[in-house]
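Q: Residue numbers (this note's numbering), protein chains in the order written: chain Z, 1 to 336; chain Y, 1 to 336.
Calculated from the structure, these hints are not laboratory results. Where a beta carbon is used, it is the ideal one built from N, C-alpha and C, also for glycine. One thing to keep in mind: the hints can contain errors.
[Said to hold, decoys possible] Listed below are several chain Y residues computed to face chain Z (Cβ distance under 10 Å; list not exhaustive):
#1 V18
#2 G78
#3 R107
#4 R115
#5 W150
#6 K189
#7 A193
#8 M236
#9 G248
#10 R302
Number of protein chains: 2
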Amino acid sequence: MRRIAIETLTGQVRDVFVRHRTSPENASIMAENCVGAERDGASSHGLFRLRGYVDSLESGWVDGFAEPALETAGEEAGTIRVDARNGFAQPALRKAFEPSVDMARKRGVCLVTIRDSHHFGALWPDVEPFARCGLVALCFVNSITRMVPWGGHTPVYGTNPMAFAVPRLSEDPVVFDQASSAMAFGDIKLAAASGEPLPEGCAVDRDGLPTTDATAVVAGGALLPFGGHKGSSIAMMVELLCAGLTGGSFSFEVDQSGFSGAQTPRTGETLVLVDPERAGQHQFAERAEQLFSRLGAAGQERLPGDRRYTKRRQAEREGIPVDDDMLASLKALAIE
Amino acid sequence: MRRIAIETLTGQVRDVFVRHRTSPENASIMAENCVGAERDGASSHGLFRLRGYVDSLESGWVDGFAEPALETAGEEAGTIRVDARNGFAQPALRKAFEPSVDMARKRGVCLVTIRDSHHFGALWPDVEPFARCGLVALCFVNSITRMVPWGGHTPVYGTNPMAFAVPRLSEDPVVFDQASSAMAFGDIKLAAASGEPLPEGCAVDRDGLPTTDATAVVAGGALLPFGGHKGSSIAMMVELLCAGLTGGSFSFEVDQSGFSGAQTPRTGETLVLVDPERAGQHQFAERAEQLFSRLGAAGQERLPGDRRYTKRRQAEREGIPVDDDMLASLKALAIE
């Protein structure tokens with residue numbers, strides 16, 4: 001295990017993307033995203049994903065050179081549409097960032113819809129920057145079919161996460177990012193790699209039978225929604241918002257056949273941005289602190305995002321811990 | 001058990017509201033809401049709530065004569081603010097309905113924030129009408145402190161439901177309405193009344209210990225979020241959207257002391273409305289049918305809302321089934 005400075009690791013990951021069919025501009029955005037997850041302690045969405053990115057790029061499934069296109073919906077609109085043109089979602093959102101912040105400040109609310117985009121990372125990096133601009137941000141992304149709907153027997157939904165961020169008075173934004181599944185597929189893969197059993201009620205095997213064996217899930221099994229029918233309803237909402245609304249694909253429509261090694265989901269993403277100053281009352285952050293204070297008094301020790309910020313601060317001081325296997329893998333990806 | 005025609009029952013409930021400090025206009029809206037829940041088979045949010053409404057009105061806690069006020073946020077805004085003026089949320093939303101539909105059609109998106117409102121009913125009646133106008137609607141309401149945050153020991157959140165509705169091509173909208181708690185408090189009350197045990201993991205007693213005894217929950221206990229920390233995060237989001245953003249009260253701020261009999265929560269409500277024609281692609285309903293069809297093929301027998309529509313159709317044909325105790329209670333409320 002070594003600790004590597006954030007900028008150093010970001011540069012190395014950027015070089016890996018550039019070496020594997022990605023434009024320098026997109027590579028910088030993707031490296032920042034990928035290393036940002038590793039920095040914040042989310043190993044399942046950090047360097048662990050790099051092989052999947054590279055294989056998806058090399059297969060021709062995702063276009064690393066894609067230049068996302070903004071579409072205006074007319075002068076009166078409060079919406080911004082982005083065609084990611086079969087590229088990654090993060091550069092598409094980056095391109096929409098400033099116009100959507102401006103729109104939210106002007107209208108009080110802004111809807112951002114991204115289609116034909118590949119999202120293979122964590123979702124909190126998509127909302128946190130909006131909260132740092134003083135906005136409230138709600139975000140959804142659909143993915144690849146891996147989850148059985150409540151009451152059904154065959155996978156339809158992706159893990160379909162939602163993320164939410166609010167600004168604070170003088171601290172880092174409060175941000176949550178949670179899959180509609182009882183577990184994230186990245187965590188199932190990590191469990192399969194380490195041989196750890198899964199909690200009960202999280203997944204089924206290829207025959208649709210409940211299992212705690214992570215390898216059985218990876219080998220043709222599927223996830224279950226969190227909270228039974230309620231998580232299943234949220235997964236449905238995410239599909240309707242991210243594919244139905246944007247013009248992107250439903251999770252079950254993603255067809256990677258013919259692209260050997262393809263791993264990223266080619267779907268869509270939707271964000272709702274609200275400017276509390278324009279939309280509601282003027283003391284949003286002050287009021288939010290009163291809730292957070294009450295949660296602390298009720299015994300809740302952490303707010304959503306706190307653990308990531310702790311890891312981030314440590315990584316900023318001491319570098320990001322990377323184990324030898326990952327370092328070897330990173331080195332291999334840089335020269336292969 | 002008798003079956004009573006919807007219009008007859010609505011008239012009787014309207015008369016109860018009018019008799020107990022409510023304007024005729026507000027009484028009509030509240031009767032339609034209350035009987036609509038009963039009609040759709042949601043007994044926990046139907047006639048069962050009438051005593052709570054009446055006691056809240058008689059105590060002076062909620063103003064049945066309140067005239068909600070719309071506030072514009074400027075010509076460029078995509079938001080509509082409503083001051084419910086300590087009245088029920090349903091008349092406030094009714095007043096905002098047409099302007100917000102117009103706004104969503106103009107902007108592609110509209111945010112509606114309601115403050116100082118009492119919401120004591122089901123949430124799906126708030127979103128279904130928007131879907132019948134071709135809009136996608138997402139709605140949140142916070143309530144009275146009854147739920148312990150994940151990792152905490154003292155109640156902070158209300159049951160904090162969210163509801164979501166989308167239009168269909170030629171059928172009733174798909175609508176879900178779900179509490180952030182593992183169970184709705186109305187259902188806990190019904191279980192307490194009938195003596196039925198609760199499922200595991202839904203609630204704690206007054207000492208914060210897990211229990212399946214519904215009466216122990218009603219007597220000073222509290223609910224638990226659905227899906228552990230994920231449901232808890234959603235409950236937090238609902239508080240921030242419905243109180244922080246609107247200027248309404250957090251659930252934990254609702255103080256009914258001095259109003260003997262008060263039951264309704266004096267909080268806030270927030271809706272996000274999207275016009276799929278303006279915000280995204282033009283075949284939303286067609287695309288949504290493809291998802292619903294896939295869900296059916298995957299073994300999901302019902303879509304969210306289906307069971308309510310079945311009950312509704314039956315009630316429209318045969319009347320709403322009301323048992324003798326409820327009839328006696330209704331009669332008493334009409335003359336007391």
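Q: Decide, hint by hint, whether the structure agrees.
A: Here's how the hints hold up against the structure:
Violation of the interface hint for V18(Y) is found here, the shortest Cβ-Cβ separation to chain Z being roughly 33 Å, above the 10 Å cut-off. For G78(Y), the interface hint holds, the least distance from its beta-carbon to any beta-carbon of chain Z being 4 Å, beneath 10 Å. Because the closest C-beta pair between R107(Y) and chain Z is about 4 Å apart, less than 10 Å, the hint holds. Because the smallest distance between the Cβ of R115(Y) and any Cβ of chain Z comes to about 8 Å, under 10 Å, the interface hint for this residue holds.
Among the interface hints, the one on W150(Y) holds; its C-beta lies about 7 Å from the nearest C-beta in chain Z, closer than the 10 Å criterion. The beta carbon of K189(Y) comes no nearer than 20 Å to any beta carbon in chain Z, farther than 10 Å, and the hint placing it at the interface is violated. Of the supplied interface hints, the one on A193(Y) is violated, with its beta-carbon coming no nearer than about 24 Å to a beta-carbon of chain Z, more than 10 Å. Checking M236(Y) against chain Z: minimum C-beta separation of about 7 Å stays under 10 Å; hint holds.
Annotation: G248(Y) was flagged as interfacial toward chain Z, and the flag holds, the nearest CB pair being 9 Å apart, inside 10 Å. The interface hint given for R302(Y) holds, since its Cβ lies 7 Å from the closest Cβ of chain Z, which is under the 10 Å cut-off.
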